[in-house]
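> Residues per chain, in single letters:
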Amino acid sequence: MLLIDADVHESFAGIRDLIPYLKEPYREWIERGAWRGFSQPFAYTSPGSGNRADVRNADGSASVSDYGVMRRQLLDTYNQTYAVLTGYFYPTMLKLQYGLSSALASAYNDFVAEHWLAKDKRFIGSIQINARDPEAAAYEIDRMAAHPQIKQVMLPVVDDIAYGHPMYRPIFAAAERHALVIALHHTILAEGPFGMGLHYIERHTLLPTSMMAEVISLILNGVFDGYPSLRFIILEGGFSWLPHLMWRMDREYRQGRVEVPWVKKLPSQHMRERLRFSTQPAEDLTADQWLKLIDLMGSDEYLIFSTDYPHFDFDDPRVSIPRSLPDALQEKIFWKNGAWLYGLEAPAQ
Amino acid sequence: MNRHRVCRADEVASNAMKPVAMGRATILLTRLPSGEIKAVGSRCPHQGANLEYGCLTGHAHSDQPNVLLMDRPGQILRCPWHGFEFDLCSGESVADQGKLRLRRFDVEIENGDVFIVM
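Taken in order, these protein sequences are the chains called G and V.
Taking my numbering, the leading residue of the first sequence gets -3, the next gets one more, and so forth.
Taking my numbering, the leading residue of the second sequence gets 1387, the next gets one more, and so forth.
Hints listed in this document are in silico derivations from the structure and should not be mistaken for laboratory results.
We treat Cβ as the ideally placed atom computed from N, Cα and C, and that holds for glycine.
Worth double-checking, as some hints may not be accurate.
[What the hints assert, rightly or not] Here are the in silico distance ranges between beta carbons for each label pair: (1) G/265 to V/1412: 28 to 36 Å; (2) V/1439 to G/244: 22 to 30 Å; (3) G/284 to V/1387: 49 to 57 Å; (4) V/1412 to G/193: 47 to 55 Å; (5) V/1441 to G/-3: 50 to 58 Å.
[Stated by the list, open to error] Counterexamples of contact, computed for chain V against chain G with all Cβ distances above 10 Å: (6) 1393; (7) 1481; (8) 1497.
Pulled out of the complex, with its shape left as it was, chain G reads as follows:
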């Protein structure tokens, strides 16, 4: 079966890998250790400290930066047709020094193009941006969009940005200009409505609420209406909450449309037409629960399979989606829905 994996996290071995791609003065800053990269504000409790514990280099060191390991453990093991690289280095997490942040995004994009995309035609690329400087982000999108494997712009979900705010419009205009998908993915700063809680498990459970907040912001502030050909995907943010959000937003819209008349359709219609979800973490639903949920969603076109490799909560495509689901539905989840979103065709044999 053809298979698109919508959420695969490539990385570098360390921030110094970006030095050859950085412009001055930021190259000099990183060379002298002025900044050592992001560090999560919590401890991971999984055996691999955030990653699968078996993602290791030949010498036993942990690896999220080795193409050979990824090819063996992911691409070849599961015979993946395409793997969408989504990174986990999101310069938007820097809350100041926008010039550095934008330069880091550019450097990372060039690093990924050379060290990942160029090595395997199965990779689909995403553009990293500094969303806090939307004009610079748009420039970076324009710069990278011509790459034939680039299909997407990453919008990192942090703790202080709801992307419906008008200041972010240049990002959406640039993405629409190049027919790129907008992907929302959490970061180590993402949290729930009352913060991260007191435990990592609290924060991780809360992540879907941040995605719901982003969808609400994007639709009610007119991004879906303002950029009518733009498509969106929620990565690693859950999906079983979709029926609730559709019903809730439609009800709110029927009674409160007067405040947001620039929204021209029921929110559920916007979602149905242009919002998609990656499946991981698949929440260990039974086949019967999958079918009931899809019935409540009103469409079998929302879901796109993802593994989240190499992270600890990885979903195995052979197990996480029940094999007893109808073949046609499996084909949509593993292939057709993703092929539609990214405009992909099956590779020539």
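Given the structure of chain G, go ahead and fit chain V onto it with the hints provided.
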């Protein structure tokens, strides 16, 4: 086709819903700014609120976020409970056309009297 006289035309004002009895049912009359009289059922198709207490307003519209415009004054009826909007000319829900619709009645004016045609 039956015609039922329900009131005098000069009893129907703008910016107000006038209830009139039609057998056991109640019909609401209002006058648009153009002078035309409209007649609709008295219950909201959503949860049955009495639309006599609804709000007559205009049509909020915009193509630009954070810019609110209003046109068609007096042609939109908002339910007194949830604020659902209904177009008095078409009966349609403004937010959800084709799903919810007011019951509408044809109106004729003759010699200063209002007739509901059914």
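> Determine for every hint whether it applies to the structure shown.
Taking the hints in turn, this is what the structure says about them:
no.: 1; hint: G/265 to V/1412: 28 to 36 Å; result: holds, 34 Å
no.: 2; hint: V/1439 to G/244: 22 to 30 Å; result: holds, 26 Å
no.: 3; hint: G/284 to V/1387: 49 to 57 Å; result: holds, 54 Å
no.: 4; hint: V/1412 to G/193: 47 to 55 Å; result: holds, 54 Å
no.: 5; hint: V/1441 to G/-3: 50 to 58 Å; result: holds, 56 Å
no.: 6; hint: 1393; result: holds, 31 Å
no.: 7; hint: 1481; result: violated, 4 Å
no.: 8; hint: 1497; result: holds, 39 Å
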